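S.K.: So you can see what is in the structure, the chains are spelled out below.
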Amino acid sequence: MLEEVLGSRLLFVSGKGGVGKTSFAAAVAKTSAHFSKRVLLVEIDNFYPSLTAVFSTAPGYQPKMVEKNLAICNITWERALEDWLLQTIKIRRVVNMIQKNKIAMLFLDATPGAREIVILSKVVSLLDSWDQVIVDLPASGHALGVLRVPVTAKKLMRSGPIHDRASQVLKVLSQKSTKLAIVSLPEEMVVNETIEFMQKVAKGLPFMEKPDVVLNRASKPSLTPDELLLLERLEAEEDVMGAEARELLQAGRWERDLESATGIGLKRLKEACGEEIFSFTRLGNLGGYKGGPNQVVQQMYTEILRKVKNAK
Amino acid sequence: MQSNVQMKELIQNQKLLICVGAGGVGKTSLSATIGLQAALMGRKVLVLTIDPAKRLANSLGLKQFGNTETQIDLSQIGDVKGELWAMMLDGKKTFNDLIDKLSKDEQTKRSILNNNIYQSITETIVGNQEYMATEKLYDVVSSGRYDLIVLDTPPVKNALDFLDSPGRMARFVDKRVMKWFLTSKKGEKRIIRRLLAGSSAVLFKLLGYVFGQDFLEDIAIFFSNFRDLYEGFQERHSAVEALFRDKKTCFMIVCAPHKPALEVAEFFLKELKKRKMRNPGVIVNQRHFAHFKNLNAKAFLQERCDELSQDLSAHTASMLLARLGVSHKRLHRLALEEDALVLELSKYLDKQQRLWSIQRMHGEVHDLHGLVQVGNQLFVNQE
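Chains A and B are the protein sequences, given in the same order. Each residue of the first sequence is one higher than the one before, starting from 1 at the first, in my numbering. Each residue of the second sequence is one higher than the one before, starting from 1001 at the first, in my numbering.
Here are the simulated SDA-like pairs of lysine to any residue, each with C-alpha atoms no more than 20 Å apart in a straight line:
hint	chain 1	residue 1	chain 2	residue 2
1	B	Lys1015	B	Lys1248
2	B	Lys1259	B	Arg1330
3	B	Lys1205	A	Ile98
4	A	Lys220	B	Gly1363
5	B	Lys1259	A	Ala53
6	B	Lys1092	A	Arg148
7	B	Lys1298	A	Glu232
8	B	Lys1205	A	Asn96
9	A	Lys155	B	Asp1218
10	B	Lys1205	A	Ser159
11	A	Lys155	B	Tyr1118
12	B	Lys1293	A	Glu244
13	A	Lys203	B	Lys1092
14	B	Lys1298	A	Arg253
15	B	Lys1044	B	Gly1078
16	A	Lys154	B	Asp1214
17	B	Lys1259	A	Leu283
18	A	Lys154	B	Asn1115
19	B	Lys1298	A	Glu238
20	B	Lys1205	A	Gln99
21	A	Lys220	B	Met1319
22	B	Lys1298	A	Glu244
23	B	Lys1259	A	Gly292
24	B	Lys1329	A	Gly242
25	B	Lys1273	B	Gln1352
26	A	Lys220	B	Arg1323
27	B	Lys1329	A	Glu259
28	B	Lys1205	A	Arg158
29	B	Lys1293	A	Gln250
30	B	Lys1298	A	Asp226
31	B	Lys1298	A	Leu228
32	B	Lys1247	B	Lys1276
33	A	Lys203	A	Asn192
34	A	Lys155	B	Leu1113
These aren't lab readings, by the way, just hints derived from the structure by calculation. None of these values were measured; they are calculated from a predicted model.
Just chain B, same shape as in the assembly (with noise of 0.2 Å):
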């Protein structure tokens, strides 16, 4: 990525795209309409999305399909080289999974899944999807199905947690801790004993004192069912950070033209540069744009405003000009306004970064169609 960069010449070249910023801003429609252009261009392509809104799954036909790659049926925009297919994931479900996997018998496997403990951290570690994210993405991009993957990313309240996502359950799973479990030898009632009588005995005396010791004991079988599966995490955790470091996986940040989204993406530019992970440019989406400054609605819709109007009641085309005017003189402003705030962006963007700009949809983009269209803006005009 020396010279700045083409859209056509990353979905083509790219084997993971990422698409990352704050909630609300389009991530997920972005990361379909990627998809479906690398498929019109012959690629074949998964987008891996978490929890969309309804109606674009539903244009996808992606509402039943947790956890499912699916196909989707691109015949209603022509003949289609390429393949287009997609996913929602389904944290709970991909992290079972992954206890399955990860398992060496079935033994350990039921122990873990049935543990107390487990189900509420599946809700407080695992609920937050972006580790799950990862997870999955792991397990397609080295299933080598796939040309290109896009993933559409969580909204993540501190944009961090995303990034660092592949250390969450290593973290957890911390060595320090993990081997204070490994050291002592096989055998639940052993580790309690140790627990209460090792060189840290007064305190986890203490910490049952707080705690309460029924817990103290569940959470050290827990540990002593899962650091068997240590290692595996480990070795996750390496393969999906040199995963988000390879030259074929880049970050694509995404945006609205507004204060905080702004702020998110300015944000991430620096992370993301930090980190050393490929980062072509920013998509500005929802633009609004004007080309003219003060616009008289009367001399230009007047005389159609007369004629469209004669069986309406009166003053419905001198009210509705008005309103035009007034309209634009907002459109305008707001126009300004969002030049100023991309242009401040633009500061902090490399030489060898861009920036790609979107205009606004009316309505909200919930098929392919529409999706072809946010396409054109991103790869045909600003080409």
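Next comes chain A alone, as it looks inside the complex (with noise of 0.2 Å):
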């Protein structure tokens, strides 16, 4: 699974907000730089990047090199609307007169999926100068939609450049080297939308390649069934213990939940994405988090790093 998802042209990643997926992306983007792609990370019209924390620079709409092979971009929807602008009229000037008027802005702002599929284009023209483009996607609700986006331009404008345009993209969507990599966390909700998740793409992307499903923050079994079993027995006399055993039990009850709810989710997803399921070992105390999105995302390189060599 790791191997198709370092060896893709493009790459979306998505999952539920605030599950790791700037940090993935970002490490799958370190590895292929390691690996001497030229690799180009791309944001989607954010406001406030994602992209800024890990490589201490705001990504612009230029690509800008952060670390050998490797740079990153924010496509904003004025700036990708432009280029469009510019390579369908050609005329620079005719092309301010649009951008000036504001009947015309608001009209393109309202046209249902006019953000996206220029967007979506912008993406797809840049694969021409780089090895690999990764893209970290809004949250799984978001990102559908914007995916869908070609089918549903090519539904509504039945001419013109738009139309061609998302045929052209559609096409780069349905290529195998087109990935679509979902992050999901060992909490019952989170696995609960990564399924669904899963299921929508099927419905609505079938064009697309099976998404691979990443684990982050897992927490590797560690206690024996003994152990647990004692634990268990513990627990059954809480009630009658001092504060400081009781204290002492909740921390082990932690740890216990952290491991079961990690065998939990990675069967459920198993069950529903298939077995090759990538985990990250969770890191800093318990559910904490540590360090900062640089630490995070250098953890998951090294991790990365390890299972790819290992597997050679």
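Can you join these two chains into the complex? Each is in its own frame, and there are hints to help.
M.R.: Here you go:
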């Protein structure tokens, strides 16, 4: 699974909010760059780009090199539209006229899917100059809408440049080298949403490859069955114990909860999405977070590298 | 809300309580908790929720009740004076109902619902359910059927989306765009002719070139049908905005004790203040507490461990004791980290605002008894 993700030409990363989409996308990008691929990591129309915290510099519309072989950018609607209009109309003065006209801009703003198709087609055009383009998509609900837009646009616009562009984008999305990765967490609600998202992708984006699932913040099982049994027996006596003993048991219970949640989550994901699920180890104390975004990315990158080297 | 409020007062006096915050912090469970507590106090409550975790929905008996108000059976937790109702929002249905209500006649309605563009508009604009939440809210509040409504807001990437949602539709049918269509007299043909011959003709010819002429015509027809609904949208927009600022409405920020969720909470604190919307404070959910430092597991549990592990494999007791010691160290560190983060957040609070903390539950809250337990933390332990 990891091999396919790393080998893709165009990789979309999505998942429920706060699961670590940006971190995973960045870690994959770093890995590819490490193997001498020229990689572009893209954020879509984000007013507060999440990549800023990872690379300590804000991504602009033009790709900016942040490491060897690795560049980042933030594709904003206004700039992508300008590119789009220039490509279609070819006369700068006329494009300026459209952009200055409030009614025209409102019209474009209100046109369903216009925003997404313009941005997606910009993403696709970037494939010409980069070995790999990785897109940090918005959270699952919205991501589906974005990827479905070429279909909707083709239906709505039966002729003209958008129709043609939508066909091109659709063709790229249908290619085997285009992948979608969904990041999940060992929490019931997040797993539910991941499985639902998988089903929606199968139904709404049948032309795309089956998505790959990544489990973030997994806790490896470490308590033996006997230890678990003993913990349970101690818990049964909890009511008559002192505050200190209770707090110790509480702590043990957190660890157990995290480990069992990982087991349950992994099992459900495997049942729904297939056996090959890559998981990242949880950092920090119990449920807590550790370090800043750049440390998290560095750690994930190290884990991916280790896995790749082991496979070889 | 002059002084530091109590949660009890709040649900006794308010009519609308809106829970906002990042995704995954437990907004749905907390909305249900607050609703249940209010019902226990004798009020008639509606919890309006969007796509809750399936098990919570099941425990509230909410599975197949899209967009209908359903009474929750509270008999299993004793004799309850009030009533608890719940409803899950169905964005698309709400939107269709709205078109139904605002359309002047059957023909306008059908023409809109059958329009090619309508479908994708419901997907792009309404698919984000925050707008729909405010629509439905307006309906149930104005119905006067409930003493208190608790709204669990949809998780939004951009936290402002929800606060600004009443304006969303109104912006979409922006005055300038609408006026442009409104000035032309009836008839789709005329509108298209105007598109291509009026003062902006060159512009629209260009747009036609970019988008395709067919599409331009489709959208012109859509707008011409839609303009009849314009006034209706404007009215509702103003009404929902007034509702957000009403004395009996308040926003409750819900967050979890980690950086991403706290950042969203800070953001909401600032934005609510800027918008002069009432906000009694923040509920920090899913907290870990540790009261002791450097606990020696052996000192407190060795005896019981030895006794209870006689039939288990050798070293089980010593291994578990070692594990508990390590786990507790981590719990203690985590509790300190969370304390520091929460302290940082509390700097953003005004004098009259307060902070409620709720301990993380083992497992996920998925039945009425679980909700009562959380409620005890929120209403009993902290008051």
